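Participant: Chain A is fixed; fit chain B onto it per the hints.
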Amino acid sequence: MKSPAEAPGSSAAPVIAAQGLGLTFGTGDGDVVALSNVDLTVKKGEFVSFIGPSGCGKTTLLRVIADLERPTAGTISVNGQTPEGARRNRAYGYVFQAPALYPWRTIEKNVALPLEIMGYPRAERAGRIARALALVNLTGFEKKHPWQLSGGMQQRASIARALAFDADILLMDEPFGALDEIVRDHLNAELLRLWASTGKTICFVTHSIPEAVYLSTTIVVMSPRPGRVTDIIRSTLPAERPLDIRESPEFLEIAARVRDGLRAGHSYEEAL
Amino acid sequence: MGQALTRSTPFAIGVVLAVLVLVWYAAAIPMNAPWQQGVYGRAGAVDVPFTQFVGDVWNQDKPILPTPHQVVREIWNTTALVPPHMPRSLLFHAWITLSATLAGFGIGTVLGIGLAVLIVHNRATNRSLMPWIIASQTIPILALAPLIVVIGFNIFTGQLGLPPDPARFLSKAIISAYLSFFPVAVGMVKGLRAPEQIQLDLLATYSASPAQTFWRLRWPSALPYLFASMKVGVAASLVGAVVGELPTGAVAGLGARLLAGSYYGQTIQIWSALFVASILAALLVLAVTLTERLVNRRLGARPA
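Taken in order, these protein sequences are the chains called A and B. Taking the UniProt record's numbering, the leading residue of the first sequence gets 1, the next gets one more, and so forth. Taking the UniProt record's numbering, the leading residue of the second sequence gets 1, the next gets one more, and so forth.
Be aware that a few hints might be false.
Ranges of calculated distance between the beta carbons of each label pair, as one might list FRET restraints [what the hints assert, rightly or not]: (1) A/88 - B/215: 45 to 55 Å; (2) B/295 - A/124: 24 to 34 Å; (3) A/121 - B/3: 51 to 61 Å; (4) B/283 - A/126: 35 to 45 Å; (5) B/135 - A/29: 32 to 42 Å; (6) B/128 - A/122: 34 to 44 Å.
Listed below are the simulated BS3-like cross-link pairs for lysine-lysine, each with C-alpha atoms no more than 30 Å apart in a straight line [unchecked claim]: (7) A/143 - A/109; (8) A/144 - B/62; (9) A/109 - A/144; (10) A/109 - B/62; (11) B/190 - B/231.
These are computed hints drawn from the structure, not numbers from a lab. Because the structure is a prediction, the values reported are computed rather than measured. In this text, a Cβ means the ideal position worked out from N, Cα and C, and glycines have one as well.
In isolation and in its complexed conformation, chain B is listed as follows:
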C-alpha cells in the first residue's frame, strides 16, 4: 500500500507542487520585506512581531512577489465571481487568446503538413523550401510580432474592410500559425520519410500509385510524428497569440492583461494571467495527447 502510494503519479506531482509552494512563500518574505519596512517606518510601528510581519508581507496590495493564495484568490474573483462575457472576467480574456490560438494552430498545422508533403514528394522543393523554413524561425518572434500585427491589422481593416476585432484576431492567428507550422513541418518531413525501404518496395511490387503509397503507408507512418510535433506546436501557438497581444496595446486577451498589469504595477493581475495562460497550455497539450490516444486505439497500436 505505502509503496503503491509513493510510486503513484499524483503523489509525485503533489510532492513537487508542495516544495514549489514552500519555496514561493519563503521567497516572498525577503522580496516583499523592504516595502513592508517602509510602510512600518512611515506608520512609526516598531518591534512588529515576526508572525504579523510575515502575515503582512504575504498580503500586500502590490507585492514584488505575490503569494500563491493571493494569485488563486484573484483568479477565483475574476473567473467564478464575474460573468464570463464581462471584460473584467479572466475567462473573457482567456477566450480571446484561446480562439486566436486555435485558429493559428489549425492554420499552422495544415500549412506544416502541406509543406512537408511538398518537401517529401519533390526534390526541388526539398532543396529550396527547407532553408527558408529554418530561417523563418531564426527571427525572434518578439521582433516580428509587431510588424505582423501592424501590417496585418492595416491590411485587414483597410484593403479587406474588416472590422477591428476580426482583424486583430486574424493578425494574432497569423503569429500563432507562424510559430506552430515549424515543428509540424519538421516532424512531418521526418514522419513521411519514416517508412522503411522494404515497405516502399512492397508497394512498388503492387505497382501502387503515389497517392496510394501516401494514404496507405506514408500518412499512417507519420501520425506518431504528427502528434509529437502538434504538442510542441500548440504550446507555441499560445505563446504566439499572447505575444501578438503585447505590442499594440490590445485591450482584450491574456497578453493585454499582462501588459495592463505591468503598466499599473498590478503584480497579482500579471501572475493570475500567467497562471491562466499556463493552465490553458496544459489543457491544449492534454487535448492533443487524448486525441493521439484515441487515434492510436483506433489504429490498434500496441499498448505502450
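One chain only, chain A, in its complex shape:
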C-alpha cells in the first residue's frame, strides 16, 4: 500500500506539471475564461482530486492534460512531454462521465478496443482483457453486451477499458457522477484498492466532497469565473481507508477545509 508520505519524493520528476496554465474559449458572445493561471504538480503514484462547482474548469483542466483541449496560456508537461506527445505515446487512460461503451460490442470486445487500436498482438489481448476485467470485478461478463449490464457495471467496464493497456496515468472525469450513492461508495472502495494494487497516478474530477476526501492523497479545490485553483490540500489520512473512516475527526477536518475552500471561491460569485 502506498501512502501519501511514501509517495516518491520531491526528487522524482513530476508526472504532470503546469505553470500559469490558462484556457480562454473564444465564443461569438465574447471570450469565456475556462482556466486562469493554474499551477499544478502531480507526482508519480499520487491520487489527485479536482473538486469545485460546475464551471470551475475542473473537467477542462483534465481535458487539457489529456490533449483534448489546447491551453491558450502557460505551459504543461505530462510525463515530461507535451500533452500531445503523451497522448500519442498512449501515456494515459481516460474514463469519461458516461461509460461510452460501443453497444455493438460485447464487454470483452469493448475492453479490447484500445488494444486493437494500439496494435497489441492478438495472443496478448485475451490475457490483458481478463486481468482488466478481474481488476474491476467483472469476470464472467465477457460475453454480455453493455445493455445487459447495470449503470455501475457499465462504468466499471469503461474503467477496465482504460486499464487494459500500459498507461501509468489514469484520468477520470466524474466517473461515478451518474450513479446512486450505494453503488458509488462501493466503487470508491474498489477504486482505492485498484490504485493501491496498480500504483497508477490518478487524476480524478468530482463535485462530491466526501468522495474527494475519501479517495485522494491531494485535493485541488477550484472555483469558477474564471476557473482557478484556490487551495491544494495534502491529505493526512492513512493509506488504508475503510468506508467508515468518513466518520473520523480527521476526515471531517479535511472535508471542512475543502468546504471552506469552495465557499471562499463562491464568495466571489455571491458578491456579484
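Facilitator: Leaving out everything else, chain B in the frame of chain A:
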C-alpha cells in the same frame, strides 16, 4: 384466443385487403357500366337482370377498371402457364426490369456511401457537394430519363461499341442509380456523424488514426441509417428502371408492358404489370429488411 387473433398482423393485413377488394369490385360497377350499356344497346338486350349485369361488367375484355380476379388470372396466365424465357411471360419482363434495378441500386448505394464519406471527412466537399446532391433530385426524373436513355444508349452503342441490349440495361441502371444514391447519401451523412463527441474523444485518447475511427466507430454507428436509406433507395431504383423503359419504346421490361398496354387499351395487362412491379418492390424491401436483421444479430444489437 380471440384477442390473439384480432391482434395478429396477418389478421390486420387480411382485413385491410378484404376492404380494398370490396371497394375495388364496387367501383368497377359504375366505371365499366357505360360501356356495358352500350353493348346491351347494340345487341338490343333490354331488362338485363342485375346479377347478369354485374357479372358482365366484372368480366369485360377491355374494362376501364379490371377486377381483381381478372388481374390475378392474367398474372397467372402470363407467369405460370408460359415458359419464363418467352417474351409473353411476365417473369421475362420482370427479370429485365429487376436486373437493371439491382445493378442501379448497387451503383447508387456505393456512390451514395462514397459521397457521404467525402462529405463527412472533408469540409470543402461538405460545402460544395451537398447543394448539388439536393439539386440533382429537384429535376423531375420523367424529364431526365429520356435524356439519359437516349444519350446513354448512343454513347454505349456508338463510342463504346456495346450491343443494344446491354446499352439499354446500362442506361436504365444509371437512372436507377440516380434515384437511389440520394437517400443513401443523405442517410449516411447523418449516420457517419451519429457518433457522440464522447466516443470520438475516447478514440482521440487512444491516438486512433482516421481509418481506425472510421471502421471501428463511424461505420458501425451508420449501419442503422444505411439500412433505412437502402429501403427507400431500392424502391426508388425500381421506379427508375420502370421509368427508364417508358420513353424509348423499349420492347422488354415491366415499363414496356405498361406502355404497350396503354397503347392498345389492354387495361388488364397494365394492371398485371403494375401488380408485378409492386410485388417486386415489396420483395426488394423485404430483402433489405432481412439483411438488416441478419447484420443486427451478428452485431449483437438489443432485440427491439
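Participant: Does each hint hold? Answer for all of them.
Facilitator: Hints, verified against the model:
Checking the proposed 45 to 55 Å range against residue 88 of chain A and residue 215 of chain B shows it is violated: the Cβ atoms sit about 20 Å from each other. A C-beta distance of roughly 30 Å is found between residue 295 of chain B and residue 124 of chain A, which places it inside the suggested range of 24 to 34 Å. A beta carbon spacing of about 58 Å between residue 121 of chain A and residue 3 of chain B agrees with the range 51 to 61 Å that was offered as a hint. The beta-carbon spacing between residue 283 of chain B and residue 126 of chain A, approximately 44 Å, falls within the hinted interval of 35 to 45 Å.
Our hint of 32 to 42 Å for residue 135 of chain B and residue 29 of chain A holds, since their Cβ atoms are close to 35 Å apart. Between residue 128 of chain B and residue 122 of chain A the beta carbons are some 42 Å apart, a value that agrees with the proposed interval 34 to 44 Å. At roughly 8 Å between alpha-carbon atoms, residue 143 of chain A and residue 109 of chain A fall within 30 Å of each other, so this suggested pair holds. Annotation: proposed proximity of residue 144 of chain A to residue 62 of chain B is violated, straight-line Cα distance about 63 Å (limit 30 Å).
Between the alpha carbons of residue 109 of chain A and residue 144 of chain A the distance comes to roughly 10 Å, so the proposed pair stays at or under 30 Å and holds. Restraint check for residue 109 of chain A and residue 62 of chain B: the C-alpha separation of about 65 Å exceeds 30 Å, so the hint is violated. Using a Cα cut-off of 30 Å, the hinted pair residue 190 of chain B and residue 231 of chain B holds, with the two alpha carbons roughly 16 Å apart.
Comparing the model with each earlier hint shows violations of hints 1, 8 and 10; every other hint is respected.
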